[in-house]
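Everything in the sequence shown is counted per the numbering used here, starting at 1 for the first residue and increasing by one.
Hints may be right or wrong, so weigh each one.
What the hints assert, rightly or not - Below 30 angstroms or equal to it, Euclidean Cα-Cα: the simulated DSSO-like pairs (lysine-lysine) are:
no.	residue 1	residue 2
1	Lys23	Lys86
2	Lys12	Lys23
3	Lys86	Lys12
4	Lys23	Lys80
5	Lys12	Lys80
Keep in mind the hints are simulated off the structure, nothing from the lab.
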Amino acid sequence: GQDFKCGGYSSKVTCVCWDPSGKLCATSGSNQATLWDFSAGSPAGTTPLACVGQRAMVTAITFHPAGRLFASGSADGVIKVYDVSKFDPGDLRAAVLP
1 GQDFKCGGYS
11 SKVTCVCWDP
21 SGKLCATSGS
31 NQATLWDFSA
41 GSPAGTTPLA
51 CVGQRAMVTA
61 ITFHPAGRLF
71 ASGSADGVIK
81 VYDVSKFDPG
91 DLRAAVLP
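Using the sequences and the hints, build the whole thing.
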């Protein structure tokens, strides 16, 4: 495997999860999860997507088996669900589903 460095967290990375296609890698280590685009083999040259909305440390992350939805759960018991198909690569903040 290839190593890569995840930056931007106020603590160590605590969760790592791949989408079913193997093109997106999700990481967390603070009150947000970040999606990294590996569709070209590495995230180099891409802008990671920050899944914002959690107020406490993200302690669990997962993709739906179909790959369209992504969820993050935090230490305060809140779960946020995001529609991956609607992420805008130019926007660092991913919208939470209503």
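To see whether the hints hold, each was checked on the structure:
{"no.": "1", "hint": "Lys23 - Lys86", "result": "holds (16 angstroms)"}
{"no.": "2", "hint": "Lys12 - Lys23", "result": "holds (23 angstroms)"}
{"no.": "3", "hint": "Lys86 - Lys12", "result": "holds (28 angstroms)"}
{"no.": "4", "hint": "Lys23 - Lys80", "result": "holds (21 angstroms)"}
{"no.": "5", "hint": "Lys12 - Lys80", "result": "holds (21 angstroms)"}
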